[in-house]
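Use the sequences and the hints to build the structure in full.
2 protein chains.
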Amino acid sequence: MALEKEFYKSKEKALESLRMAKIYDKVDRKILSILNLINKSVEFYTSSSCAGRIVLLEIPKIGDKKNAKFVGIWHRTIKPTELKSALKEAKTGLLWIIAQPPIIHISVKTSSAADKLVKIANASGFKNSSFKSFNKNIVIEICSTERLDAPIGKDGVLFCNKEYLNLLINIANEVILKSNLKLKKFKSKLKKKL
Amino acid sequence: MALEKEFYKSKEKALESLRMAKIYDKVDRKILSILNLINKSVEFYTSSSCAGRIVLLEIPKIGDKKNAKFVGIWHRTIKPTELKSALKEAKTGLLWIIAQPPIIHISVKTSSAADKLVKIANASGFKNSSFKSFNKNIVIEICSTERLDAPIGKDGVLFCNKEYLNLLINIANEVILKSNLKLKKFKSKLKKKL
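Just so you know, the sequences run in chain order V and L. Numbering-wise (this note's numbering), the first sequence opens with residue 1 and increments by one. Numbering-wise (this note's numbering), the second sequence opens with residue 195 and increments by one.
Simulated from the structure, these hints should not be mistaken for laboratory data. The structure presented is a predicted model; accordingly, all values stated were derived computationally and were not measured. The beta carbon of each residue, even a glycine, is placed where N, CA and C say it ideally should be.
A short, non-exhaustive set of chain V residues, derived as facing chain L with CB atoms under 8 Å:
#1 111
#2 115
#3 135
#4 141
#5 148
#6 159
Here it is in structure tokens:
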């Protein structure tokens, strides 16, 4: 009972954070309706999310994620000109283009509800979904597998020619388009099954 | 009690599969001592594992993983000449170089034991460890985050020049070296804490 009370208190806080994020236009529309569907259920609340993104990241040394610097972030498909324009900000270290599928973290009241939601996510194509913790707090992560992590330059200079860069952009865009389809499928399944 | 019996029966089968894999030299030595440490405990058994690898993969169309073809697989660091030699096998589709950190799947008898093992894995640097299922069968996945997924050619022809290819090989090797360090740390922690 105490645990249940704790869960609802945390849910209240999480929903208030989400409300503020919405006000500041920090939640992607593509994912917002999904968050709302999940939060409507007494069994769940969403704690963080990303609708999928293409990122230009500068890493001073391999593995030095602490000092990594974002050079560009897009929650949508991009054009080569946009990437080139962002590249002007790149200065020191290895430059990576990264495409990430959507990710949603959800706290869950019971293990059976968690299991149900992970199954719905898997059936929607989010095959990398898993339980991040399940002792005091049950937390699940909804995620899929397609991604791109490729280095494209160093110290502000591109390694790769125009054709190769365009191919990388196409692949990154493909990750975003696939993500959008999976989000749609997930939303439709949530409507039917939650 | 029936569940416990089921667990031990499945463990017996898994250990027999592992024994056969050892005989056919299909288990990497770097990870074998870790599997043995985990399997020694009555709480766990390992069902599948990989010590980390560099892969050359040919994918006919983006996302068409079913028809993907391995052109090269190495569970160790590689030299540019080895990659070039393997490239001769590439013929149709987009060619990717992929570096993957270690992955271990473990079935667990109780949720508290699962929680303990995931914590040890996290403290060893396997920050992407999670619970894959926890209803009837508790399964955890030990994994870390560093990886490389970069396209390098199409229809048997490389896009990238020698310098860029060497850089990609360096990064892939770095994933393997980091993986080895994490496996060592994990092994030492398992010895103390399991």
